[in-house]
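Q: Top line first, the protein sequences correspond to chains H and U. Residues 440 to 933 in my numbering are what the first sequence lists, from first letter to last. Residues 215 to 690 in my numbering are what the second sequence lists, from first letter to last.
Take these hints with a grain of salt, some might be off.
Stated by the list, open to error - The calculated label-pair distances, taken between Cβ atoms and stated as ranges, are:
{"id": "1", "chain 1": "U", "residue 1": "Arg568", "chain 2": "H", "residue 2": "Ala707", "range": "45 to 51 Å"}
{"id": "2", "chain 1": "H", "residue 1": "Asp565", "chain 2": "U", "residue 2": "Asn549", "range": "48 to 54 Å"}
{"id": "3", "chain 1": "U", "residue 1": "Lys606", "chain 2": "H", "residue 2": "Lys660", "range": "54 to 60 Å"}
{"id": "4", "chain 1": "H", "residue 1": "Ala659", "chain 2": "U", "residue 2": "Glu551", "range": "38 to 44 Å"}
{"id": "5", "chain 1": "U", "residue 1": "Phe622", "chain 2": "H", "residue 2": "Leu588", "range": "48 to 54 Å"}
{"id": "6", "chain 1": "U", "residue 1": "Ser449", "chain 2": "H", "residue 2": "Glu642", "range": "33 to 39 Å"}
{"id": "7", "chain 1": "H", "residue 1": "Ala659", "chain 2": "U", "residue 2": "Asn549", "range": "42 to 48 Å"}
In short, the hints are calculated from the structure, not lab data. Just so it is clear, CB atoms sit at the ideal spot from N, CA and C, and this is done for glycine as well.
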Amino acid sequence: MAPKMEKEMLSAEITSKYELVVGLEVHAQLLTKSKIFATDTTEFGKMPNTQISVITLGHPGTLPKVNSRVVEYAMKMGLACGCEITRHNVFARKNYFYPDLPKGFQTTQDKNPICVGGFVPITLPDGTEKSIALTRIHMEEDAGKSIHLAEEPDTLVDFNRAGVPLIEIVSEPDIRSSEEAYAYLVEIKKLVRYLEICDGNMEEGSMRCDANVSVRLRGAKEYGKKVEVKNMNSFRNVARAIEHEFERQVELVEVGKEIVSETRTFDANTGTTASMRTKEDLNDYRYFPEPDLSPVVISEEWLESVKASMPPLPRELYHKFVDKYGLPGYDAGVLTDSKEIAMYFEELCHHTSSFKAASNWVMGPVKSYLNEHNEHISDFPIPAKSLAELIDMIDAGKVSFSAASQKIYPEMLQDTTHSPLQIAQAQNLIQESDEGSLLPIVESVLAENAAKVAEYRSGKKGLIGMFMGQVMKKSEGKADPKVATKLLTELLEN
Amino acid sequence: MEKYLSFDDIKKSLENGETDCKAIVNYYLQKIQTKAHLNAFVEVYRDSALDQAAKVDEKISSGKAGKLAGMVVGIKDVLVYKDHEFNASSNILKGFKSQFTATAIQRLIDEDAIIIGRLNCDEFGMGSSNENTCHGRVLNAADESRVPGGSSGGSAVAVQANMCTVSLGTDTGGSVRQPAAFTGLVGTKPTYSRVSRWGLIAYASSFDTIGIFSRNVRDSALVMEVIAGPDNFDSTASRKPVPHYSELLHFGKRAKVAYLTETIESAALQPEIKANTLAVIDKLKQEGHQVEEVHFPLLKYVLPTYYILTTAEASSNLSRYDGVKYGYRSPNAHNLESMYKKTRTEGFGEEVKRRIMLGTFVLSASYHDAYFTKAQRVRRLIKEFTEELLNKFDYILMPTTPSTAFKFGEHSNDPVAMYLEDLFTVQASVSGVPALSLPNGTDNQGLPIGIQVMANSFKEAELYAFGNYLMELNSN
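Full structure from sequences and hints, please.
A: Following this line, the structure appears as structure tokens:
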């Protein structure tokens with residue numbers, strides 16, 4: 440059922456007076472094997488309350504211990520976003536009561552986050568590029584999960600997730616449209632996946648996003664009162680929630696009502712937001728430095744080793760593909776969508792210099808194979824080197840594109856032991872592109888069709904296709920069409 | 215006749231075959247029984263102690279015993295011991311058994327010490343009289359109408375009444391030194407971070423230390439060299455190597471000693487304590503040591519700084535006792551919020567609730583800067599002053615407490631008067647430096663007086679040597 444429209448949409452005339460201002464807070468669950476302060480596994484989907492050490496449960500007498508992998512992952516994200524890396528890291532306690540928070544406080548970073556500043560470049564659908572500034576990225580622990588079973592009066596708590604490491608990426612209020620918010624999230628997801636620090640799956644909750652939304656009259660210097668929107672479980676829903684908030688807030692301002700600083704929750708069924716709590720009943724988190732952890736000091740050596748381990752980033756590859764390989768921006772965008780595809784393409788380009796053809800092959804046959812089989816590029820049966828060989832064979836006129844794509848390529852997917860050349864030879868698909876050996880065939884075709892030759896010469900140029908077909912037939916499909924056309928034209932025109 | 219008054223006694227008796235560990239444990243068990251009314255022990259590990267004794271006896275006869283073989287140790291009810299119950303003297307932890315052992319206890323066991331039981335204390339270490347406890351108050355063996363001090367009152371009385379050789383306590387603001395002074399014992403608070411806090415139920419994490427009660431300096435030095443040192447379970451534990459304190463007890467130099475005007479001239483100071491302290495100063499001077507009076511204008515800020523910062527940390531450390539996961543959960547709750555409120559209202563004692571409220575207040579958004587942040591700054595000033603003074607002088611000398619042991623109920627209605635008990639002990643806690651309380655005679659009612667010595671951070675060896683020397687000087 441389509442959502443019911445409660446009210447008429449605001450006219451464009453009214454909405455265009457206002458500017459949307461959004462800042463996003465993204466929580467990314469890190470892919471470390473163990474938790475941020477304990478050695479319990481972070482594996483997802485285990486039986487409730489089986490990944491819980493005394494540290495996770497905050498038993499009396501326990502102390503946390505920092506998992507240095509978490510620090511490295513946070514550093515990687517910071518380096519990828521051009522942040523300044525804080526060398527002397529102090530954790531802080533954020534105090535509040537909730538059943539899924541075992542210690543009664545969350546260990547996080549307050550005054551000195553590991554990454555300060557930085558930016559995330561985004562590209563909008565129309566190709567516009569923009570940079571979204573970051574405020575900070577900090578490390579913290581996740582809470583457990585409260586579970587409410589139908590027909591059960593009690594709340595159940597699963598602490599398996601408690602202590603799973605997170606980074607929180609906080610943007611400046613630089614986002615001006617839902618499209619920008621969407622593009623920003625796409626870019627963040629791309630980055631964390633390139634860095635292999637998070638799988639970026641919002642639907643499964645390994646990436647979560649809260650939006651701070653406000654409106655102001657265009658040209659105004661002051662920001663409006665901000666509203667925090669939570670519970671969006673997809674990029675699309677973040678965009679929808681922002682659009683709804685913009686409308687809602689503009690409406691309020693238009694009728695002279697005040698916007699309340701509050702936290703609102705998004706309902707994906709209705710596409711609307713509803714108040715969760717106002718600022719008055721906001722928690723006072725009573726932050727203070729965590730005395731149970733010694734500060735994490737990042738040495739020059741450590742920072743350098745993390746820098747050295749950085750993979751190529753999507754932006755760098757995009758620019759390389761455009762500038763060095765001469766690809767259109769569209770191709771570069773599609774190819775850098777995932778690191779694995781980009782790296783496969785890179786490898787192809789080490790073996791062939793037909794970059795555009797390589798791009799077409801990856802975006803076309805390769806991607807459709809992966810989609811059809813729901814497979815990852817790492818499972819793709821054809822090594823880049825073999826595919827490059829096939830591309831070069833087409834380029835050199837040894838096989839036709841249609842033979843390559845319809846016969847050789849499908850065979851290569853099945854048979855990984857033979858090279859494309861061997862397959863082409865076995866199937867007798869090598870094209871005659873040698874003028875010397877094609878000439879007798881062309882001549883005999885023209886001799887056998889003297890009447891048609893005359894017709895051609897009197898102006899019926901369309902007959903060239905018929906001659907071509909005869910040549911292909913006689914050569915058993917092995918004639919290189921380019922060379923055959925050239926020869927036919929030469930002979931017919933003289 | 216009292217036996218086993220020092221570990222040296224015990225070792226001698228073991229070496230010449232007069233006794234074995236089983237007999238020693240039985241002796242202490244007997245003492246625990248006859249002195250049960252003092253209420254020092256919350257739980258006696260009779261069977262496991264005897265089993266352990268038999269094992270250690272075997273090790274001794276096969277020549278494989280650790281260096282604490284024959285030592286019998288009691289532990290404060292805030293240190294956890296695997297598969298044993300612990301409560302931190304709080305109803306909120308009734309019935310809770312630990313799944314792991316505190317590093318300090320494990321290290322004692324690894325050197326063949328025998329753990330004989332757990333000892334009464336103030337709830338979560340909060341108190342100076344051992345009256346704030348779900349286990350009932352502890353009596354001072356020197357005068358049973360008086361408190362033993364706190365919070366480690368049970369640990370003090372267990373050694374005072376010879377129910378074990380030494381005991382472990384914890385010292386956050388004086389909780390080992392003050393009861394040691396009240397019971398005539400040697401009480402040691404090490405440098406902050408010298409002993410791992412793994413398994414110590416936190417009161418105020420940046421102040422908490424594990425300390426030792428003993429009759430003499432040597433036993434304390436020996437236990438300290440066993441329990442101190444780096445620990446993978448505590449990232450805040452110092453990685454500095456641990457000297458063999460018990461082998462470094464010889465004191466043969468001229469010491470530079472400071473005493474603080476503001477302590478010796480304090481209006482709160484009992485005259486006999488002042489007199490005994492000045493007598494030690496005179497003796498030191500006579501022995502040719504350089505002793506100087508120094509002003510410590512920050513003294514009046516030490517106690518407020520301590521109480522602001524420790525209650526802030528406590529309010530957070532004690533948040534985990536919410537009835538959700540373990541310990542007490544109020545049966546009277548009807549929803550989540552009432553479960554929290556009733557569990558904590560019914561489970562915690564008055565003093566603990568007072569400190570949680572205080573700590574929550576000083577951390578709250580409107581008062582954070584005025585109290586918590588300012589107290590952090592003052593803490594740094596006190597620490598800098600103390601360390602600087604200890605760069606110029608080897609030791610700081612002062613009374614451990616303003617008064618000797620007071621009567622039950624004397625300060626019960628006046629928390630501030632109770633907090634003043636910590637006036638002289640909190641400086642070392644705020645600064646993180648090590649301190650010893652040593653017996654220094656008695657007052658006219660025969661109540662023990664303590665004298666406190668502080669040294670710079672990680673100078674435990676120098677502190678023990680000087681403490682040992684002072685004990686000898688005082689016995690002459």
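Q: Would you mind marking each hint as holding or not holding in the structure?
A: We went through each hint and held it up to the structure:
no., hint, in the structure
1, Arg568(U) with Ala707(H): 45 to 51 Å, "holds (47 Å)"
2, Asp565(H) with Asn549(U): 48 to 54 Å, "holds (52 Å)"
3, Lys606(U) with Lys660(H): 54 to 60 Å, "holds (57 Å)"
4, Ala659(H) with Glu551(U): 38 to 44 Å, "holds (41 Å)"
5, Phe622(U) with Leu588(H): 48 to 54 Å, "holds (52 Å)"
6, Ser449(U) with Glu642(H): 33 to 39 Å, "holds (36 Å)"
7, Ala659(H) with Asn549(U): 42 to 48 Å, "holds (44 Å)"
Violated hints: none; the structure is consistent with every hint.
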